[in-house]
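Colleague: Residue strings, one per chain:
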Amino acid sequence: MKLITAVIKPIRVETVSKELEKAGFSGLSVSEIQGRGAQAGRTEYYRGQAFAVEFRTKMCIELLVDENDVDKAIDVIVAAARTGDDGEIGDGKVWVTPVERVVRVRTGELDEAAI
Amino acid sequence: MKLITAVIKPIRVETVSKELEKAGFSGLSVSEIQGRGAQAGRTEYYRGQAFAVEFRTKMCIELLVDENDVDKAIDVIVAAARTGDDGEIGDGKVWVTPVERVVRVRTGELDEAAI
Amino acid sequence: MKLITAVIKPIRVETVSKELEKAGFSGLSVSEIQGRGAQAGRTEYYRGQAFAVEFRTKMCIELLVDENDVDKAIDVIVAAARTGDDGEIGDGKVWVTPVERVVRVRTGELDEAAI
Amino acid sequence: MEPADTAWILAAFALVLLMFPGLAMLYGGMLNGRNVLNMVLMVLSSLAVTAVVYVAVGHGMVLGESVGGAGIIGNPFEFSFFSTMMEDDGSGGPLWAAFYILFAGISVALVASGAAGRMKFGAWLVFVAVWVLLVYAPLGHWVFAFSDEETGVIGGWMRNRLGLHDFAGGTAIHLNAGAAGLALALVLGRRRAGVSRPHNLPLMLVGVALLCTGWMGFNGATAGGANFLAQYVTLTSLLALAGGMLGFITIERFRDGHATMLGLGTGAIAGLVGITPVADAVGPVGALMVGFVAASAAAWAITWKRRHRIDDALDVFAIHGIAGITGSLFAVFFANAAAPAGISGIVFGGGFDLLWREGIALLVTMVYSFAMTYAIAWTMNKIVPIRVSAEDEEIGLDRSVHAETAYEGRTF
Amino acid sequence: MEPADTAWILAAFALVLLMFPGLAMLYGGMLNGRNVLNMVLMVLSSLAVTAVVYVAVGHGMVLGESVGGAGIIGNPFEFSFFSTMMEDDGSGGPLWAAFYILFAGISVALVASGAAGRMKFGAWLVFVAVWVLLVYAPLGHWVFAFSDEETGVIGGWMRNRLGLHDFAGGTAIHLNAGAAGLALALVLGRRRAGVSRPHNLPLMLVGVALLCTGWMGFNGATAGGANFLAQYVTLTSLLALAGGMLGFITIERFRDGHATMLGLGTGAIAGLVGITPVADAVGPVGALMVGFVAASAAAWAITWKRRHRIDDALDVFAIHGIAGITGSLFAVFFANAAAPAGISGIVFGGGFDLLWREGIALLVTMVYSFAMTYAIAWTMNKIVPIRVSAEDEEIGLDRSVHAETAYEGRTF
Amino acid sequence: MEPADTAWILAAFALVLLMFPGLAMLYGGMLNGRNVLNMVLMVLSSLAVTAVVYVAVGHGMVLGESVGGAGIIGNPFEFSFFSTMMEDDGSGGPLWAAFYILFAGISVALVASGAAGRMKFGAWLVFVAVWVLLVYAPLGHWVFAFSDEETGVIGGWMRNRLGLHDFAGGTAIHLNAGAAGLALALVLGRRRAGVSRPHNLPLMLVGVALLCTGWMGFNGATAGGANFLAQYVTLTSLLALAGGMLGFITIERFRDGHATMLGLGTGAIAGLVGITPVADAVGPVGALMVGFVAASAAAWAITWKRRHRIDDALDVFAIHGIAGITGSLFAVFFANAAAPAGISGIVFGGGFDLLWREGIALLVTMVYSFAMTYAIAWTMNKIVPIRVSAEDEEIGLDRSVHAETAYEGRTF
Ligand SMILES: Nc1ncnc2c1ncn2[C@@H]1O[C@H](COP(=O)(O)OP(=O)(O)O)[C@@H](O)[C@H]1O
Ligand SMILES: Nc1ncnc2c1ncn2[C@@H]1O[C@H](COP(=O)(O)OP(=O)(O)O)[C@@H](O)[C@H]1O
Ligand SMILES: Nc1ncnc2c1ncn2[C@@H]1O[C@H](COP(=O)(O)OP(=O)(O)O)[C@@H](O)[C@H]1O
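Protein chains in written order, with the numbering used here: chain R, 1 to 115; chain H, 1001 to 1115; chain Y, 2001 to 2115; chain P, 3001 to 3412; chain X, 4001 to 4412; chain U, 5001 to 5412.
Simulated from the structure, these hints should not be mistaken for laboratory data. Any given hint might turn out to be false.
Said to hold, decoys possible - Each pair of labels, with its calculated beta carbon distance range:
(1) P/3367 to R/10: 39 to 49 Å
(2) U/5084 to X/4378: 34 to 44 Å
(3) X/4385 to U/5192: 51 to 61 Å
(4) P/3367 to X/4190: 51 to 61 Å
(5) H/1041 to P/3072: 28 to 38 Å
Glycine is no exception: its CB is placed at the ideal position from the N, C-alpha and C atoms.
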């Protein structure tokens, strides 16, 4: 099994989640993170004082998948997360890490059965 | 070393954390995530407008452990996280990923010594 | 490629982020977590009732790096995250996990090119 | 003005002032967390711009003698620069002037709801000035300017020729704002991101609290002083507030299965909107019922509007338009002759003339306000687009337009 | 009613109205983030239901002539449907009626604290109606209905026969609510999830702000008008507020090691509870001390209660019960004859009769309120369980009962 | 005191009371999330400690007959323990006493801003008491104690000998607090963590709302009753509030490129600060301009101060000092003789004596307040350090000093 982690724009979470569901990936976990990268930060003003806000809010999606589904899942995510016509800076990244074991708390089922 | 990640119900965090401590796992990190899966979402109403809230709040526990402690830690977590009589849908999942190196910031200690 | 995860004190996020940037690591993701470990919790009082607050707020930094940059990145983080004169309890931990694939959403670039 | 009357109006003024931040919080709390501050800026700047307009010509246009005796618009220069407010002629001039600024300001502040999360801030400031002059001022004149037989001063046509009964501005303020909000929403078009959940209901609650409390000053001060009428409308306003809460959650309970806090608060406001034009014309039980039916009507209208996919984001038309009409019509049928206004509803033997008089007033108000607002917004938009760019809208107006965020560490 | 009195009571009415959202925010802010809206709904719906009950029969039961001259309960039909409120007989009828609705409403709203996070909302609405009729109405009659020798009207026994001194409802409102809250908490049982930290103390602060400000209207209006008594009780209320803040944080500092903001706010309220029955009977220094000791007593009672594991989640018994008793007893010993009430405390040569008169009143109030509330809740619970299911409680009542959440993106 | 006057002052008292939580929320919302509760505790405890000091000797020091007829300080024992407040001598004693407590309390509460996030709480409580006695009391006496020719009572030198015009305490309250806040900030030194973004702007909005509403009571009650003057200053205050909002966002728009909500709210307050000393001396258009220029000046001063790296975290000097000076000077030049104060500004033919009289008063106030506050804080700091430890500061004072956190689950 693999864990796919995708850092994407908040505005795309719903689409990605829906597309994944359509593609048969019903379970996933989402959390909010602050990201820095090529995408420029911005400046906020409080009583005339400038605050550089380097970080941009992104959403982090985590998805446990079976070995064979990795390509499919990545394709779905990348397609759904891309914004603008050919993608925009800050659209995010997707990465894959190996998982050695998965257990479902409710039943104690293991690995593929537990996803 | 391994990293154990457990996505569980918020109401069980305290129990899991206490049981882990009893079992000798004194360090861990917790964060809030939104999860989707077999467990049904719910509908909220704002001025009569229905909003489908697909995601359920879960807590994500991360725990670095020594190779030999993996089974013990998983058993403790699964036992403590299960709700109802034989577990309920949405009780969550636990997974294990390999860790290649650990460093303690304070001392620079490495690996097992750093956990 | 590797994923470096660092759990550090909130007060050090800015420094770590700046030092990493100087060292050429321009992208990273940050999120807030609650940690438990050797560092003692504290007690809060509400209308005279004591609440033990075991968890301390920490920040979790995630950084995808090329194989060859792992040592450099860890050194930068550890140096920048340490507080006090020789580090203090609760300064946190850094760990490394293997990453099998990285994709940039915008371009579809892969692996090293995508970081 | 008697000292006791002054004492009450001074207090009421402060209460009504609370309605501005109250409305800002109600609306801000109901939006998502990226457009809160923009909404607050729109609501509060309404007051600032209105004050300037009022000091210049607005007050005269509303309360001045009708130009040409036509009952259409007051003499803009009658109170120019408020120079007449500096001497005590016993009429309470400066206090009432201050009060009328709030009336006008709150009307246009309500209209802001139609622009939630998608209007340029500079355009909004211009819109406020134009709207107060072209929409509020005539409507205000029609309803608030009483003719005076003794002095021969001639006031607005609705009040004096048509003989409209409108206690505290149900037409010129609430129905007007409801129709105008809808028009502005239509010109601007729907929000790109679609509807979102309220981001902070406790904030909305603070807003409702300030708004409802201010309303007691609003209705109470319309009685003109510390008199029996003020006492009476305080009671009926309280009862309508209570009835409104119950009305809205009853509908919710049966339609959606749950009573909600947002519903309760919405009902409180709808109940007060309902009673505003008729607070002196119904009995206590009638006031409970006005609140109940006005809030129920608003609850129904909200759902109906949704089905037509009009993005009146904060339901100003349903709550200030429909609830206001409902309250007015309720009184047409059920006005209690024993109440201070002394009007008999049709059911209690009153004449049918009440119905067409109210009917005309409501219709004219709605049509005029809607058409004129639409025209203003449409014209402004032709000159320079008044809607923010798609990107600004996606980022959220707090950040893109005002370069600040409502909460630290939560950038949504 | 003189115009100047009307002016003040109109303003005071609006201030007291603020106490409802104020209480909702105080209680809501102190709970966890999953039961905020439910608490707000309970508090605000108290007002709505009370208004209906009051218009029907409540006002008569409290202020009507005693049935059979017994001083037990007023004539329910004396003001039925408030038809007597429509004419100006010079007594300020509608304004006082509106005011008394708030008095009754705030009493039952306080009781909501005993049900925090575990009562069915429908059951609460029924409970409010029954409680106002069976608990508040008699107690209100006993304390608020003055006999009138001239007209021969006979009022409540506590006030007129026992000769209780209670300035603004320390017994009928605060002690009553404190005892009733405790009873309701006992019938419902403890919360499953145990006690949690307050989720939003700034929200609690807004609540305290509105509550304390409203209290100035509450105490000041009880003086009946814009007179010296109103001036005096405003001063003593302010001083008790100040003393209360200092009292609570002093105890905290020595007991827990830290002064807290929650403590300061709690002390402010406890100080006001303490002064409410005796605001006209103590001197200025006495008022500071009433605040200080009442808040200290409340601080002590909270800890004591915790040890007995009674889940009176929001400490209504300690704050409204114990602090109120403390204030009353303080006056028994230290009342200053120079104050408007003209009573000498025992220490200053007053008779011991004060002690037993107050003692009986406090005891009877507490026992009646506790027993009757317990009986009502117990009976209702036998008919249909009034507590929500374990699952609903775990999910949190905002979501399970009302299908909404307080904050977007924070679902706890 | 006439009943109608009493009616208004009672209401105004409640409004002014709102300024305390209002200020607490404004300041708390602008700090980071780890020092909110500490700020609230500082602001609210100001009122508590001031009340105690006032009852003991403060009221006499401010309003008592000048000791030795020198106009320097009032007789501390003239109202000791407020025993003279218990009888109705027709002067409204207890109400005014209560009111003056709020005046003194709000002055020192403003000073808290200079200590944001770094002062020991115990030290603050001591500081409040000493500051009210040594700084506020003399300044208050100089400005608020009028001489009375008939009775031969001699009041403060600024008001009576210098002939200062200061309507509602621009010098003794705002300029004083501005200078003192700066001095305290200098003694304490800058915050270690540097400046942070406001953590909760909606909370700041609630604060601004309560503060501005309270201000209407503040200025309106200074008129002494429900009279024409109160009506007039209500109007000018509203207009200055409007002008202030526009002034601040105009500067922001051109300097930073964006109008902000924090700026709008700040401008509202600066506008009110500007009008406070001159609300009775300028015309309506003048009031709009006072607001506009006072807020612009504050906006400019904030930036200037930042460049000098003084950590007056919440800009009390810019907003209460500079805006106040600007308002006063505006009136020196543009006072309108037709306004109730009847003063002609220099531009309209008034004498230049106005300039030096105001100038001396402003300078003396600023120098005295700054120097004395610096001396008090410096001396206290020598005896026991008044600043918290570096570690406590890093953790945040809410947690380290008060053992509580503002929001559950958000510990920052
Ligand atoms: N090396 C990295 N490690 C971890 N996260 C990264 C890394 N680089 C970028 N990110 C995350 O991806 C987000 C988007 O990256 P960015 O460089 O701005 O644009 P793009 O994805 O188009 O290259 C960042 O905001 C950050 O959260
Ligand atoms: N494939 C997955 N990848 C990552 N997280 C998942 C996945 N499936 C489920 N989860 C997480 O686990 C939680 C519980 O899963 P769910 O399917 O609802 O119940 P159960 O754990 O009983 O099978 C979800 O809310 C989600 O956070
Ligand atoms: N075994 C572990 N697995 C995951 N996170 C841990 C573990 N031990 C500690 N942590 C995280 O690191 C933080 C610091 O650890 P702590 O033991 O307090 O101090 P130190 O890093 O100095 O040893 C903790 O608050 C927690 O977030």
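Colleague: For each hint, tell me whether it holds in the structure or not.
Modeller: Each hint tested on the structure:
{"no.": "1", "hint": "P/3367 to R/10: 39 to 49 Å", "in the structure": "42 Å, holds"}
{"no.": "2", "hint": "U/5084 to X/4378: 34 to 44 Å", "in the structure": "54 Å, violated"}
{"no.": "3", "hint": "X/4385 to U/5192: 51 to 61 Å", "in the structure": "56 Å, holds"}
{"no.": "4", "hint": "P/3367 to X/4190: 51 to 61 Å", "in the structure": "60 Å, holds"}
{"no.": "5", "hint": "H/1041 to P/3072: 28 to 38 Å", "in the structure": "56 Å, violated"}
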